[in-house]
Amino acid sequence: MDQINCQWAHELLNRLSSRIESVIKGQSQNIKKVLAGFAAGGHILLEDNPGTGKTTLAKALAKCMNAGFTRIQFTPDLLPSDILGVSIFDPGQKIFKLHKGPIFTNILLADEINRASPRTQSALLESMAEGQVSIDGTVLRLDDLFFVIATQNPIESRGTYPLPEAQMDRFSLQLKLGYVSKEDEVAVLSDLKHKNPLDVLDACVSLEDCLRLRQMISHVHITKDLKRYVVDLVGATRNQPGILLGASPRASIALMKTAQALALFDNQDFVTPDHIQQVAIDVIAHRLVLDSQSTFSGMTAQSIIQDILTSLLVPV
Amino acid sequence: MRPSLFFIPGALIFWGWQMQTLWIAVVLVLIILFSEWSRTKFDLSVSDFNKFVDVSTIILAGTIVLALTIDAKKAIWMLLKWLPVVLFPIVAAQKFTSAGKIDIQSFFLTARRSAKRPFTKSGKKTGKKTTGEPTKGQIGTLGFESKKIDISYLYVLFCILSSGANLSRDYLFFTATVFFTIWALWHVRSKRVSVWIWSGFVVLAIGSGYAGHKAVLMTSIKINQWVIAHYTGMYSNNPFKTHTALGEIGKLKLSNKIVLRAAYENYKQGNTYLLHNGSYNKFLKSTWFARSDFEPIVPADNKTYWQINPKINPSLNMTLYFKPDRKKSVLSLPAGTMTISNLKADKCRKNQMQVVRVEDTSPIISADVSYTEQHVWDIQPYDRDLLIPREEVVTVTTIVGGLQLTGKTPQEILVLVKAYFSNQYTYSLELQGKGKYETPLENFLLHAGKGHCELFATATALILRATGIPARYATGFIVHEYSDLENRLVVRQRDAHAWVKAFIDGKWQDVDTTPSGFFDEDNKKNPSSFFSDLFSYLAFVLSQVRHETGKEFINKYGLWLILPLAIILVLRLRKASRIKRVKPSSDPMTAMKDQQTNDSFYLLETYLKKKGMPRYAYETFSSWLERIEPYWLEHNMSDELKILLRTHNRMRFAKAGVTNQEKETLYAAIEAIIRINQIK
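Residue numbers (this note's numbering), protein chains in the order written: chain A, 1 to 316; chain B, 1 to 680.
Don't read these hints as lab results, they were simulated from the structure.
Ideal Cβ positions, reconstructed from N, Cα and C, are used throughout, including at glycine.
Certain hints may be false.
[To be verified] Straight line, CA to CA, 25 Å or less: simulated DMTMM-like cross-link-like pairs of lysine to aspartate or glutamate:
#1 Lys-224/A / Glu-619/B
#2 Lys-655/B / Asp-266/A
#3 Lys-101/B / Glu-11/A
#4 Lys-655/B / Asp-274/A
#5 Lys-655/B / Asp-307/A
#6 Lys-100/A / Asp-82/A
#7 Lys-101/B / Asp-266/A
#8 Lys-25/A / Asp-232/A
#9 Lys-655/B / Asp-82/A
[Unchecked claim] Among chain A residues calculated to face chain B with C-beta under 8 Å, some are:
#10 Thr-52
#11 Thr-56
#12 Leu-140
#13 Leu-142
#14 Leu-145
#15 Thr-223
#16 Leu-226
#17 Asp-269
#18 Thr-272
#19 Pro-273
#20 Gln-306
#21 Leu-309
#22 Ser-311
#23 Val-314
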């Protein structure tokens, strides 16, 4: 990859992040990670308490891009056909006619995904992994740019269904936004004085640019020992005591790609170990299933990944 | 940080020198040095280490068996002495590995087990992973319990500990300990603290260590003295004492501990026996004194058979069991003892009043005693046996006058005296002393009217002497309690007794004027408990096994005990041949390091490591620099470094790499930063 392309990607990503930052204050790190995840072709799961800006972030990202955007509000009575679409008999033409669901879009905001039943949640499995949908035996391809950004409340909340492990694995990153600092929160209040900043946000990136960015990711160089480092990190979760289910090879792929995207953010056409360490927890943690003993002893998936990070020799 | 090359060899040589096993130490040192210099290393997994630890454990067990076989008393010293050899397999294994460290799991069976557990639990049969090929970039097996340690320090500690076993009283050991401690600490001291402050604290630690050790020593001596003073004041446990004060036996009566066991050949229920311990014939100031003219007895049968007196028929037999309190003790024997067999002792002496004492006996005594009731060999009466001390004359003559004993035959006198004591006096364990009167005896005879056996015996002896019958004061035990549990007679401390030996009809006879049934009184005062008796019995049986049966067994078959250990060792090592040998440079990480040590950032890393700011193995350069920034960098320098780091990263991770010129610039810039810092 030449310097010009690298520069172009760097600028594109920075433009996007500064746009979004004008709406969401004090979350530059998370915005960077969301964009990296997007650029790497993965899907993002935002998890936090209500009111921390998950939906706003997702909407801001969608609005910055000149691409199709739909939002599905997940509710307990939502059915898979509500998402994918359904064939309806047309009495006039006497044929079944397919009514495509909201999934046929570029950017899909699955709001409060864990409010729907696991059955409905699983409707997304095929589309997220393979970019295609099967309805009534017909396979329909989704758009080249298909990006799911889902939000969910912490699973301890009332009226939620935890996502199945397979579904969790489809998300390349899970991010927790957390509460912003007091200064940033004041800035949020001040911005609301005139108009909601989200309303004035307009698109700055075309669909083609997005696709080009995604293609560039694979050209970011990563050395063999860093690949090995990625595999060691992910592989370690499979041997770690206290974990019932470790991370899959899909996690390794996601980790590498996200690190590559982060490299572009830094205007580098190569991955450094810092890039990998930055997103390791966000990429791996949500895929792990802890055993009850470690859960009760106060361990979290995050703390386990942190332990692994501090026990591996990093190539420098 | 690893201690220097000569750390372990130094400690080993010190150990060899102190223990006079220098040649062994030299062999061990050569092995260690060979491992340092040889390029051959082995790839040892956790399970291989487990084997080495097992080998050490088995050698340890073997050493214990050997030490116990050779000399059980010094076993602990022998063990301590050979500790460095016992632990050597582990340290050698560590030295020969490429990792240079040992997983702490290897030392604990529980840790080994828990390391395996998670895998089996999750249903993944991947136990192999713990032992299998270690991944290149991995520091050991991952796990919360898994921690790699360098056992060199521990080993040196054991070497020093072991050297301490030779118990030299000079300061060499302390000095050496201090020396090795400083050596060990020198390598791990914080480089951010100046050497002088560090040395100051070390000196402080040595000083307070020395003072503390002195204080502990002084305290222990004081406590020892206090304990000895306390106990010797309480019990007359000095076996060679030639006097006994009134009240000493009374004190012994306060304990119901079983001190003796006796089995008589033709015991009938209800029989009581007296076991004679000491005889005294001079009474002065409430204290009886004895003769100390002990003469040695010639042993026979490998110092187990002792002819105390000539044999006469008919003879009776009894067996005496007891644990001597010290290396020397006085035997409690029946009157008229002729021979003692099965008594292992170094020396045996008796005096003319038939007191027998032994020295350096086996820890537990079960002696067969042959005695006769026909004759006693006590020395014939002489002037001392008729002496009445001046201060008691008035008291004694009052009693003798009151009883109108003058002019009666000895037999009549005996009957009268016995009747007098059992009618007029009561037995009591309250030690009254002399009260407001001249002597305890006066208090007992004329005023209190109650007392314990010592007073009865003393009074009787003096009354008999006043009537012209030679009399002596005898102490020992009264044997009366049959134990169903042990199937023999047991003698408690409170069965200690005093009575009188009177010379009547040309023969010394035991005269006991203490009102009969006094042992019921004793029992009421200090009831014996079944459980303490049971434990006493078990302890006795155990020590019999340990010192008699067990010792014989160990002497005969002790070395065979090593055989099962050897078999275990062979079984454990059967798979050891699978250990892989690795070429020194086959580890990609070290290879990478070798090639890059001259590179700029590694130069900086080495420099900062010396300054006490090492980079952790898991830290990238940027996170490391960020962490240590407050400690050494100025802000502008930090920005400069960030730019340099970008170049370094490009050189290291980018496909295109950097030009030679960029490389040189980077090198020069880093060098400049180091130089500026050195000047500061």
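Going down the list of hints, with the structure as the test:
This hinted pair checks out: Lys-224/A and Glu-619/B have alpha carbons roughly 19 Å apart, not beyond 25 Å. The suggested pairing of Lys-655/B with Asp-266/A holds, with an alpha-carbon distance near 16 Å, which does not exceed 25 Å. Proposed proximity of Lys-101/B and Glu-11/A is contradicted: the alpha carbons are some 48 Å apart, above 25 Å. Between Lys-655/B and Asp-274/A the alpha-carbon distance is near 17 Å, which keeps this suggested pair within the 25 Å criterion.
A distance of roughly 31 Å separates the Cα atoms of Lys-655/B and Asp-307/A; the hinted pair therefore is violated under the 25 Å criterion. For a cut-off of 25 Å, the pair hint linking Lys-100/A to Asp-82/A stands: about 9 Å separates their Cα positions. As the CA atoms of Lys-101/B and Asp-266/A are separated by approximately 39 Å, the hinted pair breaks the 25 Å bound. Proximity of Lys-25/A to Asp-232/A is assessed by CA-CA distance (about 35 Å); at most 25 Å being required, the pair is judged violated.
Between Lys-655/B and Asp-82/A the alpha-carbon distance is near 48 Å, which puts this suggested pair outside the 25 Å criterion. The criterion of a C-beta within 8 Å of any C-beta in chain B is not met by Thr-52/A, whose closest approach is roughly 27 Å, and the hint is violated. Hint status for Thr-56/A relative to chain B: violated, with the closest Cβ pair at about 31 Å, above 8 Å. Annotation: Leu-140/A was flagged as interfacial toward chain B, and the flag is violated, the nearest CB pair being 38 Å apart, outside 8 Å.
At a threshold of 8 Å, the smallest CB-CB gap from Leu-142/A to chain B is about 33 Å, leaving the interface hint violated. Checking Leu-145/A against chain B by beta carbon gives a least distance of about 28 Å; that is not within 8 Å, so the hint is violated. Taking 8 Å as the C-beta cut-off, the interface hint given for Thr-223/A holds, the closest approach to chain B being about 5 Å. Interface restraint check for Leu-226/A: the shortest CB-CB distance to chain B comes to about 7 Å, inside 8 Å, so the restraint holds.
Interface hint status for Asp-269/A: upheld, as the beta-carbon distance to the closest one in chain B is roughly 7 Å, under 8 Å. Hint on Thr-272/A holds. Least Cβ distance to chain B is approximately 5 Å, under the 8 Å limit. About 5 Å separates the beta-carbon of Pro-273/A from the nearest beta-carbon of chain B, less than 8 Å, and the hint is met. Proximity of Gln-306/A to chain B is violated relative to the hint, the smallest CB-CB distance being about 10 Å (cut-off 8 Å).
Annotation: Leu-309/A was flagged as interfacial toward chain B, and the flag holds, the nearest CB pair being 6 Å apart, inside 8 Å. The closest approach between the C-beta of Ser-311/A and any C-beta of chain B is roughly 6 Å, which is under the 8 Å cut-off, so the hint is satisfied. Taken as an interface hint, Val-314/A checks out: its beta carbon lies about 5 Å from the nearest beta carbon of chain B, inside 8 Å.
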